[in-house]
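Residue strings, one per chain:
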Amino acid sequence: MTRASETPADATAAPTGPRHAARAALRRAAVEPGSGTGPALPRSGPAGRAVGLRARLLAPVADRGNALHPGAWWLWALGLAVAASRTTNPLLLGLIVGVAGYVVAARRTDAPWARSYGAFVKLGLFVVGLRIAFSVVLGSPVPGSHELFTLPELPLPGWAQGIRIGGRVTAEQLVFALYDGLKLAALLICVGAANALANPARLLKSLPGALYEAGVAVVVAMTFAPNLVADVVRLRTARRLRGRPTGGVRAVLQIGLPVLEGALERSVAVAASMDARGYGRTAHVPTAVRRTTDVLTLGGLLGVCAGSYGLLAAEGAGYGLPLLGAGLLAAVVGLRLGGRRSVRTRYRPDRFGPRSWLVAASGVAVALLMIRANAHSFDALHPGVVPLIAPELPLWPALSVLPGLLPAFVAPVPPASPTREEPSA
Amino acid sequence: MIRFENVSVTYEDAAGPTLRGVDLTVPEGELVLLVGPSGVGKSTLLGAVSGLVPHFTGGTLSGRVTVDGRDTRTHHPRELADLVGTVGQDPLAHFVTDTVEDELAYGMESLGLAPAVMRRRVEETLDLLGLAELRDRPIATLSGGQQQRVAIGSVLTTHPKVLVLDEPTSALDPSAAEDVLAVLQRLVHDLGTTVLMAEHRLERVVQYADRVLLLPEAVLGTPAEIMAVAPVHPPVVALGRLAGWDPLPLTVRDARRRAGELRARLTGQHPAAPLPRPVRPAPAPGPHTPDGPVSAPPASEARRSGGGAPASRAAKSLFRRRRAPAPAPAPETDAPLVDVDRLAVRRGRVEALRRVDLRVAPGEVVALMGRNGAGKSTLLSTLVGMIAPTSGTVRVSGLVPHATDPRDLIRRVGLVPQEPRDLLYAETVVEECAAADADAGAPPGTCRALVTELVPGVTDATHPRDLSEGQRLALALAVVLTAAPPLVLLDEPTRGLDYAAKARLVARLRALATAGHAIVLATHDVELAAELVDRVVIVAGGEVVADGPTAEVVVSSPAFAPQVAKILAPEPWLTVEQVEEALCR
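So the protein lines, in turn, are chains A and B.
If you count by my numbering, then the first sequence holds residues 1 to 425, one letter each, in order.
If you count by my numbering, then the second sequence holds residues 1001 to 1585, one letter each, in order.
Okay, chain A solo, but in the shape it has when bound (with noise of 0.2 Å):
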């Protein structure tokens, strides 16, 4: 034993036979997965083994090796999103809101897809305005009696009845458009969420083999989106080097030929350069295997979709699930079948560890929660507009949104960002 190893821990095994050694080693045991289950046993461990815990326990600095796993921030976000659709409290939906925000905002990096958090903001702010101006124009079936102002009403011939244009607008209704806004804005944030925080690419990269292709497909297609966006943006300043204005419609026009050529010039070369690079290359696959895959994963499908509909409709209950599952089994072996035919092999692909497992068990834990909620305090979480009422923070449905919170203490820490070149001469 040399000298290092008789710490006290050590100590108390070492000398007393199996039961104490077999103690020790559950204590060990018990402190060593980084699951974080708890603070060290006091006298268990010393000072030093407390530290290695509270540095395994931190979150590292990102790299490639310990990314979590897209799906994980998926499944994060849909939990999120699962929960604001279970709500019309403002101040519930803002705190969904303001939880993914401080996530993005702890975890993003700056590559270019994690700009897209911006945009989903706006196009929320977009939906809830746009959700008011439809009520104000339109009207609303929302009863009220706190009128605001009333807009001249368009008169429509009979058969467009039940349609309004105009007329008597209501504080209610105005609140209750404002809710539904707040509802569609505080969904789509959520997946600007996921979108900002996990590669796209690389969730693509997670389908199974038989996929493969057309998940390459949609990330060549989306690296093309922002080529497209730069060519339009260089070819509309170089009309100023013609001394024709760079704004307009007409400039827009003038240069959408030259920018299709150009992008359809470049999908040409980037095939070129796939197929050169072994893109497709298939393994020899007997004849019977290939028919199988087709009978599975056709025959597969059919039952998804039959078990489905039995599902939903009501007569079908008693063979809905049988067939849902028989046919999401066939479409899962005809596609494991269907990925012998491709060769390819996976570089580095993303693991889901025990820190991708809290990230999306917090989302999941938010979207639980918050159903259960509905279930005890509906009134809470669905504030009534009439009569028109100041809604209130429930505690404990405002607690069970805090748990997603989570991600911003677990997943590595994006590197503190690099100082960028500048990507042309």
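FYI, nobody ran anything at the bench for these hints, they're computed from the structure.
We put the CB at the ideal spot given by N, CA and C, even for glycine.
Treat the hints loosely; a few may be bogus.
[Unchecked claim] Computed list of chain A residues with no C-beta within reach of chain B, every gap over 10 Å:
hint: 1; residue: Tyr179
hint: 2; residue: Val220
hint: 3; residue: Tyr279
[As the list claims (entries may be wrong)] Output of the computed footprint for chain A on chain B, the stretches with three or more beta carbons under 8 Å from beta carbons of chain A:
hint: 4; stretch: 1090 to 1100
hint: 5; stretch: 1132 to 1144
hint: 6; stretch: 1373 to 1387
With the hints as your guide, set chain B onto chain A.
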């Protein structure tokens, strides 16, 4: 390793075959350089090796191409992917994924290599090409040289036996090009890779070649043999031919060893100025006397620069340090055409330019040099008003470019962008010219006459896309010159040009300078700078680090010195032409 047997390639709609009866054998582990003027089928020959011609491009290939025993007729490019690595002219068109590490792994994933092997090879390649720092970076944020290295790395990871490169260094600054070439040489020497490469800038590559293939004759020989007869050759060869050295030197080092006698003959003589006219010394940077509009622009611009909404931003920055420009000062013939004062440009957090001062007088030719991403293009864009300065002032003929109506501005300054195609919108040359006349308010036919003068033999109905690089550049230049701007800017004009097209461009630009146009060009091409330019401005990290007469700035710099200067240093000779003239005197 590579064998061509009586290969001809004919594209559809082409008048004749692009390649005719090529017989060729390239053994393993050789670096073969393809040389020849534009349009002789260099890219076609390279494409035939990787199978992209004719499987991808169409056209008819007769004869037989085999690579390591595999016939490209029966093997698709993807079935040759483990054997041949191809890098095209434009690295951006090569990338399939979005980050460096994924891009390096892409080829191996397609071939189905084991994950452990992939991991090891990616690490090796990152080190080999010096990309380790960039491994997680999105490719779109890399500079041109970095992108080119990633493109080469992405085909190296599959360990191909043959590497096919189409102009791998033409977009790179001299030192980035050296890096790429050093990597290629290492592959050839250490790993026995066979490399087939086409390149116009022979002065960069010819010394690395084991053999040279001259097209369209399809003669394969040692570099010295081929260079003795080739119509395209680097300055070192031209000097060797001039001095009658045999065997011809291919490297600066060989040439220096022979040059003792030539240096002796040249002692006491002085090189003629690159342009046949007295060169006006550039006004020294610093507080200069009367600012304000110059004589050339007529009344309209005084109104423009004087006031009104567009100039308000400039006026704000003027307010702090200077008086506003006087509306109509006395004509001042020596006033600079370009007057840049403490210019700074920021993009987000990036300071693209910092404290840049630049004056350019009428009739002067100035080259902006510096590595990729140093801010050269940004400076040019600022001069034509495509980018507004963050602080400092920019005046072109007394106008503030970004606040001037584009229609007025094109009569003061014209820019030929890096991609001349960006300037061309029309379907035919003649429509393009008509549009240019209309834009510039020039009499109809002005632009067409310029095109005929610059590139004789371009027909009216040609689509601009079908022109060669050189012709397209000339068309864009003609479009810009239609408005007769006193200042002409060119961004990387020699990219993709062969020596003949370059010589024509130099002649044209000299004629323009003699006619009183000021010319500013951003370039990596040191030989072009040596032949054409009075003054070199070196930009690094967004700042001007050197500004002076070409001979002074360039001779002392290892990266920016042209070959003749390196051979005849410390004497200030820059071009073969100067030496020739001196010897004839």
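Results for each hint:
Look at Tyr179(A): its CB is around 37 Å from the nearest CB on chain B, clear of 10 Å, so calling it non-interface holds up. Under the 10 Å C-beta cut-off, the non-interface status given to Val220(A) relative to chain B is violated; the minimum distance is some 7 Å. A Cβ of chain B approaches the Cβ of Tyr279(A) within 10 Å, the least distance being about 6 Å, so the stated non-interface status is violated. Only residues whose C-beta sits within less than 8 Å of a C-beta in chain A count toward coverage, and the stretch 1090 to 1100 of chain B has 8 of them, enough to reach three; the restraint holds.
With 9 residues having a Cβ less than 8 Å from any Cβ of chain A, the stretch 1132 to 1144 of chain B passes the three-residue criterion, so the hint holds. By the rule of at least three residues with a Cβ nearer than 8 Å to a Cβ of chain A, the coverage given for the stretch 1373 to 1387 of chain B holds, with 10 such residues.
Hints 2 and 3, counting from the list given before, are not met by this structure.
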